[in-house]
Each structure stands twice: as C-alpha cells, then as structure tokens.
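> Letter by letter, the chains look like this.
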Amino acid sequence: MSRKILEVDQLRTSFFTHLGEVQAIRGVSFCLNEGESIGIVGESGSGKSVTSLSIMRLLQHPGKVVGGEIRLHGENLLQYTPQQMRKVRGEKIAMIFQDPMTSMNPVYTIGNQIEEMILEHKNLTKQEARERAVEMLGMVGIPSPEQRLKNYPHEFSGGMRQRAMIAMALSCSPQILIADEPTTALDVTIQAQILRLIKKLNEEMNMSTILITHDLGVVADVCQRILVMYGGLIMEEGTRSQIFYHPRHPYTMGLLKSIPKASDQKQRLIPILGTPPDLLHPPAGCPFCSRCSFAMNICREKQPPYFKDADGHRVMCWLLSEEAPYVEAYEKQKGGVRA
Amino acid sequence: MAKYIIKRILYSILTIWCIITITFFLMKIIPGDPFAAEKLPNAAVKAAISKQYGFDQPLYIQYVKYLGNFVRGDFGISYQKAGVTVNKIIGDGFPYSLTIGIWASCLVVIVGVSMGIVSALRQNKIADRLIMVMSTLGSTIPSFVLATGFLYLFSKTLGIVPAFGVDEAAGYIGPVLVIGAFSTAFITRLTRTSILEVLQQDYIRTARSKGLSEFRVIVKHALRNALLPVVTYVGPMIASIVTGSFVIEKVFGIPGIGKLFTESIINRDYTMIMGITTFFAVFLVITVLVVDVAYVLIDPRIKYE
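Chain order of the listed sequences is A and B.
Everything in the first sequence is counted per this note's numbering, starting at 1 for the first residue and increasing by one.
Everything in the second sequence is counted per this note's numbering, starting at 1001 for the first residue and increasing by one.
Hints may be right or wrong, so weigh each one.
Straight-line C-alpha distance at most 20 angstroms; calculated SDA-like pairs for lysine to any residue [stated by the list, open to error]: (1) B/Lys-1303 / A/Arg-148; (2) A/Lys-122 / B/Arg-1216; (3) B/Lys-1125 / A/Lys-87; (4) A/Lys-64 / B/Leu-1121; (5) A/Lys-126 / B/Lys-1220; (6) A/Lys-150 / B/Ile-1302; (7) A/Lys-92 / B/Ser-1213; (8) A/Lys-200 / A/Gly-141; (9) A/Lys-87 / B/Val-1217; (10) A/Lys-150 / B/Ser-1213; (11) A/Lys-257 / A/Ala-185; (12) A/Lys-64 / A/Tyr-108; (13) A/Lys-150 / B/Val-1296; (14) A/Lys-150 / B/Arg-1224; (15) A/Lys-122 / A/Gln-84; (16) A/Lys-64 / B/Leu-1199; (17) B/Lys-1303 / A/Tyr-108; (18) A/Lys-92 / A/Arg-71; (19) A/Lys-150 / B/Leu-1121; (20) B/Lys-1125 / A/Pro-62.
Just a few of them, taken from the derived set where beta-carbon distance is under 7 angstroms, the chain B residues facing chain A [unchecked claim]: (21) Arg-1072; (22) Arg-1189; (23) Ser-1194; (24) Glu-1197; (25) Asp-1202; (26) Arg-1208; (27) Ser-1209; (28) Gly-1211; (29) Leu-1212; (30) Phe-1215; (31) His-1221; (32) Pro-1300; (33) Lys-1303.
None of these hints come from the bench; they were simulated from the model.
Glycine included, every Cβ here is placed at the ideal spot set by N, Cα and C.
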C-alpha cells in the first residue's frame, strides 16, 4: 500500500481583518499518498486556495494559520524556520497558479525564470540549468524550446504560459505538485491539453498531485480521490466513483445536479439556492444547512461529525447518523446522480 | 532600437519647434516691451532702437529671422544687458543650476527610492510611519520656508554653512537639500505605493513558491517592476530641478538660471525669454527621450516599433 507523504491535520486558517476574524479554514484534515492525485473542489470562498497557500506557508498578511498541523514525511511544516521552508518550496512541493497571464514576471525571460528555480535548489552550473530548462520545456510540449527559452512571458499564449509554469514547477522534480485552478483561465480545448499533461507527468514522475478547482469535470479526469469543501470544511471525501456515483452529502448532490449533461434530453440545471455562509460569523451547525433542502433542527445547532459511508468515504452530514429519520427524497437522490 | 531613437529625435525636434513658436507669439502678446516709453527720452529714440532691433518689421519676419538664428545656435543679444549674448548669460548661470540640480537629483533618487523601499517593507511599522510623516512634511512645506528655516538653523545659529552665495562648497548643501526635498518626498511615496502594489502581484507569489529568498524576491522580482512609474517621474523631475528655481536661487544668493529666467520675463527681455525657454525645452525633451529609452530597457513588453 502506498505511503502517506503529506498529512493535513485539523488545519485552521483565519484572516484577521479590521471587521474581525474571518475563519477561512475551520479544521481541515486529509492526507495525500505517494503517487496519488487528489482533487479539492468547492465554490469560491470555500477555502480551497487558502488550504494550498497554508500548506506552502505563502499566506499573506492578514492571513494566518491558527491551528493544526501540516506534516510532510511526518515533519510539521508549521514549525519549520523560513530557511527550512524555502527548501521545501519548489524542491519538495511545487505549485502552479490559476492565471498564467500574471503568474510569470513580465520583465524576465521564461528561461531566466525556470533556470532561477533550478539554480536555487540544485547544485548545477548555469549551463546545466539551461539544459535542464530546455529539457523541461520540451517535456511539456513547447516546440523548439531552445529558442522559446529566450522569449518573454508576453510572447507566449495563455496555454503555453501555463505549460511553461508547469515546466518550471516540475524542474526540480518535486514530490508534490499543487495546482490551484490551473485551467480556469484557459480555453476549454487548452484546458483538456493541460489536464492531460498534468496527468501524464504525474504518472511519469511518480509525483503526488493536489488539484484545486471549482470544476467537477476537471477532477473527474485527473483525480483518484476527491474532497468537497464548503464553508472552510471538508463536507465529503471519497474516491472518484464514490463522489460521482454515490454522493452522500446534499451539497455534493447539488453540485452534481448543477453540471450540464451532454445528453439529448433537455433538462433544466438545478442551481443551489442561497449564498455561502459568512465566515466572519460562522454558523454553529452545518455551514450548508441554510441552503440544504433536507436540513433538520440539529443541523442548525451542532456541526455534524464525519460519518463513514464506505471504505475511504466520509461525509459531514447528520443525515448519515443512525438516528436520522428516513428522508425519501434524499434516499432517492443518493442512488447516483450521474448514473 | 536605432530606428526608434531616430524617430524619437525627429518627434523631439517637432516638439521644440512647437514650444518656440508658442512662446514667441505669447511673448509678443504680453503688453509692454523691453524699451518701454517711460524709460526713453523721446519717440525718435524709441523708433531708432526699435528699428535697430527689428521691432518695426512684421511679426512673421521677426519669427522667421529668430528661427534662422536659432538653427545656427545664436540666441541673440540680451536687451537688458547691452552687448552681452544670451548664449553667454546662459553659459554663466547654468553651471550653478546644473551642479545643484545634479546633486539634488542624486539625493532624490538615492534617498527617495531607498526610503520608499524601507517604508514598503516595514509597512505600518514605526520606520514606515516616521518616513511617511517626513515625506508629508517634505511635500507640504513650501521651499522658501524650508530655505529660510535651513539658513536660520545652520547658518545663523550653528554657523556651519555660509548664509549667501556658493563661493565655498558648503554653500551648495542648503540649495541641494531644499530643492530636493519635495521630489524626495514624492519619490518616497511613489516607490512605497508601487512596491506595495507589485508585492500583491501573482508573479511575486510565484517567486516565493519557487523557494527564493525574500531578498531575491524583492530585489529581482519586485524592484524592477516597481521602479517603472518612478523612472517616468524622474525624467521630467531632473529637468525641472536642473533648470533651477527662482525662489531658492534668490534666498541662497545663487547666480543661477532660474533667477535669470524670471527676471527676463519681468523685463520683457525677449531674446532672454526665448533663449532660456528654448534651452529648457531642449533639456526637457532630452530627459524625456532618455526616460523612454530606459523604459524599453527595463520593460521588454514596451515595443519600439
């Protein structure tokens, strides 16, 4: 069985604004195995990106991790000194970001920015770093990489820039790649190419991947395990087939119902009504209860614990409690929304 | 690049021609002339002088003549200081303004940019607040108040610097500090804002995620981008500082070009006005040109078609 490489344990991250403490992440736990690819999905403000920035310890003021542990090979990253953390960034955990247009420094060449990262972590000469950069650019499918190395980011298209970002992120062969909405800013056709590339490299380099997205279609392609986040908490975690064919959480069900299907039948998309919770004053109970059509009294009063549905499938919802009443509409839906 | 520079030089010449033309006609529109009637014994004398200087000819002939002389680098003879060429007067006054201007520009760029950096990196801490208070004072206190205050403290009370003139090197300290104060304050704020803005950019986050040291992130990735707006401001600022200030030169007793310019306007010294304006224009156009070229070197996105 594969080894755990990264464990996030009861992570809590807050933003200390002048209005008060915004609790962006309120106790998130998950683990990542060697060579595994997991997806974190959720809507804007659910805490996906903050989770990834917390792992990299790249949160900017006023954001701060206020509790929990992030263990890489069993060592708590939160106790690392800034120097130790720099060794982790790029070398052990690399990251690619949402907008390839703005994620590269406009005044330096692509080559310069990739070589800089290699020189920072590997004991190579400039010439060797250049060769490595050429090799990486070629690997992500950029034609005539020797010439392209001398280009500036504005001379690349969006898709090529994201490829270059991936080349840069992987240039030091990291053990973990965190991709924060890597395809959101790209055309659909380019999206597919980039996802295929990430998947291919993930397998070739035996690297673990955390893919963060609001698009369930993206994780369906790439990820073996999926975490559904909402209101700073993981609502449901399961394998790809568990989440898509046997969802247990009303929020996950709602997400799946809001995806258009490529069938002949004309069908209305069903939106999830309401707005996400205010994390400045997080609700005492389940954060989704105000939008949930199955909400019970206890949902408003007490945050549900995780209920295990099957192996590796956990759900934060009172409906899975043994004491929960039988709800016909709910039981109907969980039979597989996408089936 | 060479093509771009040539193109820019041609545009610059056009700009200078526009400035000369506008100044020439504006100057003639102002009531009064250098040989106002009350200063002369009678109308015959006035007519003779007018004829000698060519004032009796139509304006367009005077204009064409002036342009012709200008192209040959001849700014003419001052009407007030009989027999002295404008070229010589500018040549005598400008070195003082230039010396002060260069030192003040160095002060502004070095002190302004470094205080801006410190301020941005220590945002909302004590150093930042102190610098912000200083820069607010620097940009709000009028230069003549600063100049008087400086003279009172360092010349009258402490006796470190001479009260008047620039015969000794210490005499330059006051004018340099006072002339540079406003721009230093301005550049400090500009640099601070610019850095704080750049530090929010995605590529800074990328640079940090690569495991680079904070020093490298700031110096390599943030500064080069943050200094673009500063460079834009610095060009015209140097031109304005180097061309002198009437008030400062008056207070510190410096025979600089700023004082000459103001006096020439009051006296309707046509050739002096034209000479100095044109000189300033050429100077400004050159600094702007240098800034534009520097821009291209700093930011590869800017194309010199």
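> Confirm or reject each hint.
Status of each hint after checking the structure:
For the proposed pair B/Lys-1303 and A/Arg-148, the alpha carbon gap of about 18 angstroms is at most 20 angstroms, so the pair holds. Distance restraint check for A/Lys-122 and B/Arg-1216: the Cα-Cα separation of roughly 17 angstroms lies within the 20 angstroms cut-off, and the hinted pair is therefore satisfied. Between B/Lys-1125 and A/Lys-87, the direct Cα distance comes to roughly 29 angstroms. Violation of the 20 angstroms bound is thereby established for this hinted pair. A distance of roughly 19 angstroms separates the Cα atoms of A/Lys-64 and B/Leu-1121; the hinted pair therefore holds under the 20 angstroms criterion.
Note on A/Lys-126 and B/Lys-1220: the hinted pairing holds, with a Cα-Cα distance of about 17 angstroms set against a maximum of 20 angstroms. Taking the CA atoms of A/Lys-150 and B/Ile-1302, the gap is about 16 angstroms. The hint holds against a cut of 20 angstroms. Between A/Lys-92 and B/Ser-1213 the alpha-carbon distance is near 16 angstroms, which keeps this suggested pair within the 20 angstroms criterion. Only pairs whose Cα atoms come within 20 angstroms are accepted, and A/Lys-200 paired with A/Gly-141 is accepted, the gap being roughly 12 angstroms.
Simply put, A/Lys-87 and B/Val-1217 have alpha-carbon atoms about 15 angstroms apart, close enough for the 20 angstroms limit, and the pair holds. With a C-alpha separation of about 24 angstroms, the suggested pair A/Lys-150 and B/Ser-1213 falls outside the 20 angstroms cut-off, and the hint is violated. Proposed proximity of A/Lys-257 and A/Ala-185 is contradicted: the alpha carbons are some 24 angstroms apart, above 20 angstroms. In summary, the hint linking A/Lys-64 to A/Tyr-108 is not supported, as the alpha carbons are separated by about 31 angstroms, beyond the 20 angstroms threshold.
The suggested pairing of A/Lys-150 with B/Val-1296 holds, with an alpha-carbon distance near 17 angstroms, which does not exceed 20 angstroms. Only pairs whose Cα atoms come within 20 angstroms are accepted, and A/Lys-150 paired with B/Arg-1224 is accepted, the gap being roughly 19 angstroms. Proximity of A/Lys-122 to A/Gln-84 is assessed by CA-CA distance (about 15 angstroms); at most 20 angstroms being required, the pair is judged to hold. For the hint linking A/Lys-64 to B/Leu-1199, the alpha-carbon distance of about 18 angstroms falls within 20 angstroms, and the restraint holds.
With a C-alpha separation of about 15 angstroms, the suggested pairing of B/Lys-1303 with A/Tyr-108 holds against the 20 angstroms cut-off. Taking the CA atoms of A/Lys-92 and A/Arg-71, the gap is near 13 angstroms; set against the 20 angstroms cutoff, the hint holds. Our distance criterion of 20 angstroms between C-alpha atoms is broken by A/Lys-150 and B/Leu-1121, whose separation comes to about 32 angstroms. Taking the CA atoms of B/Lys-1125 and A/Pro-62, the gap is about 14 angstroms. The hint holds against a cut of 20 angstroms.
Interface restraint check: B/Arg-1072 against chain A, minimum CB-CB distance 44 angstroms, threshold 7 angstroms, status violated. The interface hint given for B/Arg-1189 is violated, since its Cβ lies 21 angstroms from the closest Cβ of chain A, which is over the 7 angstroms cut-off. Given hint, B/Ser-1194 at the interface with chain A, is violated; its Cβ is 14 angstroms from that chain's nearest Cβ, farther than 7 angstroms. A hinted interface residue such as B/Glu-1197 counts as satisfied when its beta carbon comes closer than 7 angstroms to some beta carbon of chain A; here the least separation is about 13 angstroms, so the hint is violated.
For B/Asp-1202, the suggested interface contact is upheld, since its CB lies about 4 angstroms from the closest CB of chain A, less than 7 angstroms. The closest approach between the C-beta of B/Arg-1208 and any C-beta of chain A is roughly 6 angstroms, which is under the 7 angstroms cut-off, so the hint is satisfied. Interface hint status for B/Ser-1209: upheld, as the beta-carbon distance to the closest one in chain A is roughly 4 angstroms, under 7 angstroms. Interface restraint check: B/Gly-1211 against chain A, minimum CB-CB distance 4 angstroms, threshold 7 angstroms, status holds.
Hint status for B/Leu-1212: holds, given a least beta-carbon distance of 6 angstroms to chain A, under 7 angstroms. Violation of the interface hint for B/Phe-1215 is found here, the shortest Cβ-Cβ separation to chain A being roughly 11 angstroms, above the 7 angstroms cut-off. Of the supplied interface hints, the one on B/His-1221 holds, with its beta-carbon coming within about 5 angstroms of a beta-carbon of chain A, less than 7 angstroms. For the restraint placing B/Pro-1300 at the interface with chain A, the shortest Cβ-Cβ distance is roughly 5 angstroms, inside the 7 angstroms limit, so the hint holds.
Checking B/Lys-1303 against chain A by beta carbon gives a least distance of about 10 angstroms; that is not within 7 angstroms, so the hint is violated.
Violated hints, listed in ascending order, are 3, 10, 11, 12, 19, 21, 22, 23, 24, 30 and 33; each of the other numbered hints is respected by the structure.
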